Amino acid sequence: MFKLSLPNRLALHVANLAVIAVILLPLAAVIIGSIQSEKSLQADTRRLLPPEVTGDNFLVILTQGEQRGRIFDQATYLPDNIKKFYRAFANSLIVASSVTFLTLLFGALSAYTIARLRYRWTLFLLQANIVSRFVPAIVLMIPLYIVMRSLGQLNSLSGVILAETGFLLPYAILILAPYFDAIPSELEEAARIDGCSRLRAFVHIVLPLATPALAACGVIMFIVSWHELLIPLILNARPEFMTLPVVIASLVGDVFVFFNLMMAICLLALLPTVVLVALLQKYIVEGLAAGAVKG
Amino acid sequence: MNLPTLVFLGAVLAYPVIYAGYLSVHKVGLAQLRRGEFPFSGWENYGRVLEDPLFWMAMKNTLVFTAITVISEIVLAVAIALLINQTSIWTSRVTRFLILLPYAIPPICNGLIWSFLYSFQLGFLNRILFSLGLIHDPVNWAGNPDTALYAVTVPYIWRTLPFAIILVHAALQGIPRELYEQAAIDGANAWHRFRQITLPMLQQIIAIILILRTAFAFAVFEEILAITQGGPGDATWVAAWYSYKITFSPPNNFGMGAASAFILALMIAAIALVYLRAVYRRVQL
Numbered sequence: 001m002f003k004l005s006l007p008n009r010l011a012l013h014v015a016n017l018a019v020i021a022v023i024l025l026p027l028a029a030v031i032i033g034s035i036q037s038e039k040s041l042q043a044d045t046r047r048l049l050p051p052e053v054t055g056d057n058f059l060v061i062l063t064q065g066e067q068r069g070r071i072f073d074q075a076t077y078l079p080d081n082i083k084k085f086y087r088a089f090a091n092s093l094i095v096a097s098s099v100t101f102l103t104l105l106f107g108a109l110s111a112y113t114i115a116r117l118r119y120r121w122t123l124f125l126l127q128a129n130i131v132s133r134f135v136p137a138i139v140l141m142i143p144l145y146i147v148m149r150s151l152g153q154l155n156s157l158s159g160v161i162l163a164e165t166g167f168l169l170p171y172a173i174l175i176l177a178p179y180f181d182a183i184p185s186e187l188e189e190a191a192r193i194d195g196c197s198r199l200r201a202f203v204h205i206v207l208p209l210a211t212p213a214l215a216a217c218g219v220i221m222f223i224v225s226w227h228e229l230l231i232p233l234i235l236n237a238r239p240e241f242m243t244l245p246v247v248i249a250s251l252v253g254d255v256f257v258f259f260n261l262m263m264a265i266c267l268l269a270l271l272p273t274v275v276l277v278a279l280l281q282k283y284i285v286e287g288l289a290a291g292a293v294k295g
Numbered sequence: 296m297n298l299p300t301l302v303f304l305g306a307v308l309a310y311p312v313i314y315a316g317y318l319s320v321h322k323v324g325l326a327q328l329r330r331g332e333f334p335f336s337g338w339e340n341y342g343r344v345l346e347d348p349l350f351w352m353a354m355k356n357t358l359v360f361t362a363i364t365v366i367s368e369i370v371l372a373v374a375i376a377l378l379i380n381q382t383s384i385w386t387s388r389v390t391r392f393l394i395l396l397p398y399a400i401p402p403i404c405n406g407l408i409w410s411f412l413y414s415f416q417l418g419f420l421n422r423i424l425f426s427l428g429l430i431h432d433p434v435n436w437a438g439n440p441d442t443a444l445y446a447v448t449v450p451y452i453w454r455t456l457p458f459a460i461i462l463v464h465a466a467l468q469g470i471p472r473e474l475y476e477q478a479a480i481d482g483a484n485a486w487h488r489f490r491q492i493t494l495p496m497l498q499q500i501i502a503i504i505l506i507l508r509t510a511f512a513f514a515v516f517e518e519i520l521a522i523t524q525g526g527p528g529d530a531t532w533v534a535a536w537y538s539y540k541i542t543f544s545p546p547n548n549f550g551m552g553a554a555s556a557f558i559l560a561l562m563i564a565a566i567a568l569v570y571l572r573a574v575y576r577r578v579q580l
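Residue numbers (the numbering used here), protein chains in the order written: chain X, 1 to 295; chain Z, 296 to 580.
Since the hints were made in silico from the structure, they are not lab data.
Take these hints with a grain of salt, some might be off.
[Claimed, not checked] Which bits of chain Z does chain X cover? Going by a derived footprint, with three or more residues having C-beta under 8 Å, they are: (1) 341-349; (2) 360-368; (3) 429-442; (4) 449-463; (5) 467-474; (6) 506-516.
[What the hints assert, rightly or not] Anything over 10 Å on all C-beta distances counts as not near chain Z; from chain X, calculated: (7) 19; (8) 33; (9) 87; (10) 133; (11) 289.
Bear in mind the structure is a predicted one, so any value in this text is a computation, not a measurement.
Beta carbons are placed, not taken as given, at the ideal position from N, Cα and C, and that holds for glycine.
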């Protein structure tokens with residue numbers, strides 16, 4: 001709206017380039033780290049780009065240790081968790097999709113009643129959700145661990161799904177409520193006069209209108225639950241039930257796992273959510289803003 | 296229609312929080328878990344936590360970590376939101392396209408990537424600084440007790456900043472253009488327009504970011520696990536890491552872990568109540 005002078009434009013370009021460089025720095029590191037061997041990292045500790053490029057790190061992960069390529073040819077040790085990559089990927093996918101589905105289902109029902117029914121108890125429900133959103137995961141995990149342990153539910157995907165759904169449900173409700181609030185109620189009222197029940201009106205009239213809200217909330221839920229570490233880390237210790245973040249965390253203390261292999265598995269784990277963010281950016285931006293500011 | 300939500304909130308949130316309170320006043324270790332009996336111990340767990348110098352170290356580190364990350368995030372979020380709001384600058388449009396990228400990175404991956412960046416011998420950051428001629432000897436970013444805590448703030452800010460930027464950017468677009476045009480007619484320069492119009496109009500969103508980011512930075516976990524595991528020494532022990540280590544590494548004192556986690560939860564609950572009063576007051580119709 002204001003004409004910018006040339007020096008100002010240049011300064012803004014420089015500022016933008018600096019921000020872009022900082023955003024891309026870790027991504028450059030993860031890519032460059034993953035396409036070389038530990039030897040080439042050690043050979044020259046000042047060199048930026050690797051002398052030779054290799055796909056062996058990915059090969060060993062994607063074939064679950066069966067094909068080792070040149071880098072790992074002589075390796076006598078490969079962490080077991082690396083050999084369960086597809087299992088972990090599938091577990092992450094199952095957990096994230098189930099949590100997304102459940103939070104959307106229950107969240108939509110609750111958010112709708114909070115937006116439509118102005119009773120004391122719906123207000124209380126909203127406030128309870130707002131406070132719940134702040135509960136740190138570590139406080140829940142100690143008692144949940146003991147409860148799940150006594151119920152024999154440690155090491156199961158369903159335990160993780162239920163815990164994450166409960167943990168994320170308040171956030172889903174906070175994101176969805178303002179969207180439902182913005183949908184005009186005349187349409188449902190007309191349907192209700194024609195004899196439609198509230199639930200039917202919700203399913204057939206409100207939900208179709210709320211698709212952008214469900215998309216925004218759904219993609220945020222998927223991303224947050226794909227990223228979740230603490231809940232599956234504490235509830236699942238057996239490799240069959242580990243999600244990707246847990247597998248990655250298990251490599252942290254392992255002195256025999258080198259950065260290159262870690263960077264490769266990190267790159268594989270971050271790709272799905274990066275693709276989602278690139279494709280659904282508009283919805284995520286709206287959803288994040290809705291979940292934080294609107295009542 | 297609210298039944299499923301109430302069941303979930305009760306089973307996964309309310310019940311564990313109450314149960315954590317219960318555990319925190321009982322003696323709960325591995326032996327007690329095996330037997331299934333938790334003898335009542337009164338305030339003993341709290342007493343032991345409060346006497347533990349490591350707990351106070353973790354608290355101090357948490358406060359320093361939170362102060363640094365929250366203040367930096369607010370300043371950077373306002374600056375970068377103003378930057379990407381310059382739609383006539385093409386590089387601003389590129390930045391705006393990329394701004395959400397850190398939000399897509401799993402926190403544990405973010406931690407590991409930065410631990411590679413920071414690595415003393417093999418690290419990517421030192422390589423870049425060598426190439427630019429800025430340093431002559433490798434710098435041990437995360438391995439030095441004096442700098443480790445500051446080193447772990449950077450990845451955390453990097454990952455969580457997009458959220459703050461998006462909120463500020465959305466608020467910026469809600470400021471009526473007429474205000475700026477009127478101010479320009481009155482002869483206000485860019486700095487005055489920022490001080491007199493932009494900043495006051497951003498006040499509410501800045502308060503929201505302050506509260507949300509403070510509450511979440513208090514519970515930082517993944518980056519600590521991936522980059523320093525609390526070290527070197529105890530330089531980067533934070534509150535969530537303390538509760539985690541006390542509980543889930545030998546000698547597995549669940550009672551003390553629950554007590555320390557409960558203290559953390561009470562502090563965050565205080566922040567949450569401020570948030571409720573400040574932001575959602577308008578819902579009381």
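Results of checking the hints against the structure:
1. 341-349: Answer violated; 0 residues pass the 8 Å Cβ test.
2. 360-368: Since 0 is below three, the answer is violated.
3. 429-442: violated (count 1)
4. 449-463: holds (count 5)
5. 467-474: violated (count 1)
6. 506-516: Coverage by chain X holds for the stretch 506-516 of chain Z (5 residues, Cβ < 8 Å).
7. 19: violated (5 Å)
8. 33: Violated: least Cβ distance 5 Å, not greater than 10 Å.
9. 87: holds (18 Å)
10. 133: The claim is violated: residue 133 of chain X sits with its nearest Cβ about 8 Å from chain Z, within 10 Å.
11. 289: violated (5 Å)
Going through the hint list in order, the structure does not satisfy hints 1, 2, 3, 5, 7, 8, 10 and 11.
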